[in-house]
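Numbering (this note's numbering), first residue to last: 1 to 386.
Source of the hints: derived by calculation from the structure; they are not laboratory data.
Worth double-checking, as some hints may not be accurate.
Straight line, CA to CA, 20 Å or less: simulated SDA-like cross-link-like pairs of lysine to any residue [stated by the list, open to error]:
(1) 86 x 119
(2) 293 x 205
(3) 169 x 119
(4) 81 x 112
(5) 86 x 31
(6) 91 x 80
(7) 169 x 101
(8) 86 x 32
(9) 91 x 101
(10) 86 x 104
(11) 210 x 352
(12) 55 x 40
(13) 308 x 339
(14) 167 x 86
(15) 81 x 41
(16) 297 x 205
(17) 91 x 31
(18) 293 x 245
(19) 308 x 320
(20) 169 x 220
(21) 81 x 70
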Amino acid sequence: MATVEYESPTDSGKTPDFWIPRLVSQPLRAEAAYVEDRFSENEKRRRALIARLAKELRSRGMPAGSIGWEILGEQTPAGPKQILPKEHELKRFFASPPLQDFLRSLVARPELALTCDLLPHGYSLRLFYIPKGSARPLVSGHSLVADAPTAVEEHIVFRTLVAKGRKAKKAQLNEPYLVCIGSEGSPSMTGGHSARVITRERAASEAFRKYPVLSAAVLVPIEYLHPDHPSRTARPILLVNPVAHRPIASEDLETLIALDFNRWEYGPSWNEWSRAPPGVARRKRIGGSMTVKGGSKPDHERVELLAKFVAQLLAGEIGAADLNEEYRMGPKHGFPNPFQRLLSDNRSIVDVEFFAGDPTRRQPPKIAFEYGPPEEPILQHKKGQR
1 MATVEYESPT DSGKTPDFWI PRLVSQPLRA EAAYVEDRFS ENEKRRRALI
51 ARLAKELRSR GMPAGSIGWE ILGEQTPAGP KQILPKEHEL KRFFASPPLQ
101 DFLRSLVARP ELALTCDLLP HGYSLRLFYI PKGSARPLVS GHSLVADAPT
151 AVEEHIVFRT LVAKGRKAKK AQLNEPYLVC IGSEGSPSMT GGHSARVITR
201 ERAASEAFRK YPVLSAAVLV PIEYLHPDHP SRTARPILLV NPVAHRPIAS
251 EDLETLIALD FNRWEYGPSW NEWSRAPPGV ARRKRIGGSM TVKGGSKPDH
301 ERVELLAKFV AQLLAGEIGA ADLNEEYRMG PKHGFPNPFQ RLLSDNRSIV
351 DVEFFAGDPT RRQPPKIAFE YGPPEEPILQ HKKGQR
């Protein structure tokens, strides 16, 4: 369909990311941007707060499901302004008089409904006790979406396109200019907001009018389509600038619409490695795990590991000690190296299989070694001895 080349670095730094010499009919310059939820810190604080609240209730013998919560916020052009305690402030927060009085009261009189409004104390939080909520095992509640701009200047699509348009205008481009914006956590990148919230379409339209150098934009929010579906799906939308100085040809727009953004598997959650335990984070860093399982026969064993480690071992770039450190194996880590164990069991390799990687599913190339059953040692007696 097209050949894509990285542009050469320039002193000004104004060169677009890619140069596409052929896209059906005309050259096209494209630039990509990734945007996050501007208020993602609020979500982190909310999770920490609710987890600490459940802990406080359990310590008093109260079921976590007895407490409900609301996170509100003062309306601003960018969306509701929410103020929650930081994680290191939670101890002092729960020791505050309003919360202590609330917790003491619900323990003393569990048959009464209670409310703790922390808005007058500077926090966007209201707690309420539900006497019949003991059947629910978890704290429940709701929060306003913070990334809900009511002013177009605060919308992430407008801000991104304006920044790209300003840069493209200074670069004095002579070709149609396409901007692709991806996001895995920005609510304003998706549709379905209330009437007061600026839509992504309107935000793009305002940016297009401000910078006609922008020919079109492809917005690619990655989101869940169904709660039972474990992976996420890209839902791209193409927005065309009707006043573009250099519009993209209609046949090229049809090509853009036909692009498949779901050839890659996006996984169950955005940045699932950011809070991963050390073992998971380490496997992400080295590219995958080592697995030990049964082989093709009941008395066989099979070990799979990354092909890159096998290549490095054969090339002499790493040794057994390095492999042990990468996978936290050996006496130092209390987990035996399976290759050393199988060798000590006097097993021989009976089969080797290579598995090509699949980058669309984030699967690296692997090599599997299959070991046969333990072999009895063959003892050779000296001549003349029995």
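Right, here's what the structure says about each hint:
Only pairs whose Cα atoms come within 20 Å are accepted, and residue 86 paired with residue 119 is accepted, the gap being roughly 16 Å. Distance restraint check for residue 293 and residue 205: the Cα-Cα separation of roughly 56 Å exceeds the 20 Å cut-off, and the hinted pair is therefore not satisfied. Between residue 169 and residue 119 the CA atoms are separated by roughly 46 Å; this puts the pair beyond 20 Å, and the hint is violated. Taking the CA atoms of residue 81 and residue 112, the gap is near 32 Å; set against the 20 Å cutoff, the hint is violated.
Only pairs whose Cα atoms come within 20 Å are accepted, and residue 86 paired with residue 31 is rejected, the gap being roughly 36 Å. For the hint pairing residue 91 with residue 80, the CA-to-CA distance comes to about 25 Å; that exceeds 20 Å, so the pair is violated. Pair hint residue 169 plus residue 101 does not hold up; C-alpha atoms about 60 Å apart against a cutoff of 20 Å. This hinted pair does not check out: residue 86 and residue 32 have alpha carbons roughly 33 Å apart, beyond 20 Å.
Restraint check: the Cα-Cα separation between residue 91 and residue 101 comes to about 15 Å, which is no more than 20 Å; the hinted pair holds. Between residue 86 and residue 104 the CA atoms are separated by roughly 24 Å; this puts the pair beyond 20 Å, and the hint is violated. Of the supplied pair hints, the one linking residue 210 and residue 352 is violated, its CA atoms being roughly 61 Å apart against a limit of 20 Å. Between residue 55 and residue 40 the alpha-carbon distance is near 23 Å, which puts this suggested pair outside the 20 Å criterion.
Annotation: proposed proximity of residue 308 to residue 339 holds, straight-line Cα distance about 17 Å (limit 20 Å). Annotation: proposed proximity of residue 167 to residue 86 is violated, straight-line Cα distance about 37 Å (limit 20 Å). Distance check on the hinted pair: residue 81 and residue 41 sit about 12 Å apart at the alpha-carbon level, within 20 Å; holds. Restraint check for residue 297 and residue 205: not satisfied, since their Cα atoms lie roughly 64 Å apart, outside the 20 Å limit.
This hinted pair does not check out: residue 91 and residue 31 have alpha carbons roughly 46 Å apart, beyond 20 Å. In summary, the hint linking residue 293 to residue 245 is not supported, as the alpha carbons are separated by about 61 Å, beyond the 20 Å threshold. Distance check on the hinted pair: residue 308 and residue 320 sit about 14 Å apart at the alpha-carbon level, within 20 Å; holds. Our distance criterion of 20 Å between C-alpha atoms is broken by residue 169 and residue 220, whose separation comes to about 24 Å.
About 14 Å separates the Cα atoms of residue 81 and residue 70, which keeps this hinted pair within 20 Å; it holds.
Of the numbered hints listed earlier, those contradicted by the structure are 2, 3, 4, 5, 6, 7, 8, 10, 11, 12, 14, 16, 17, 18, 20.
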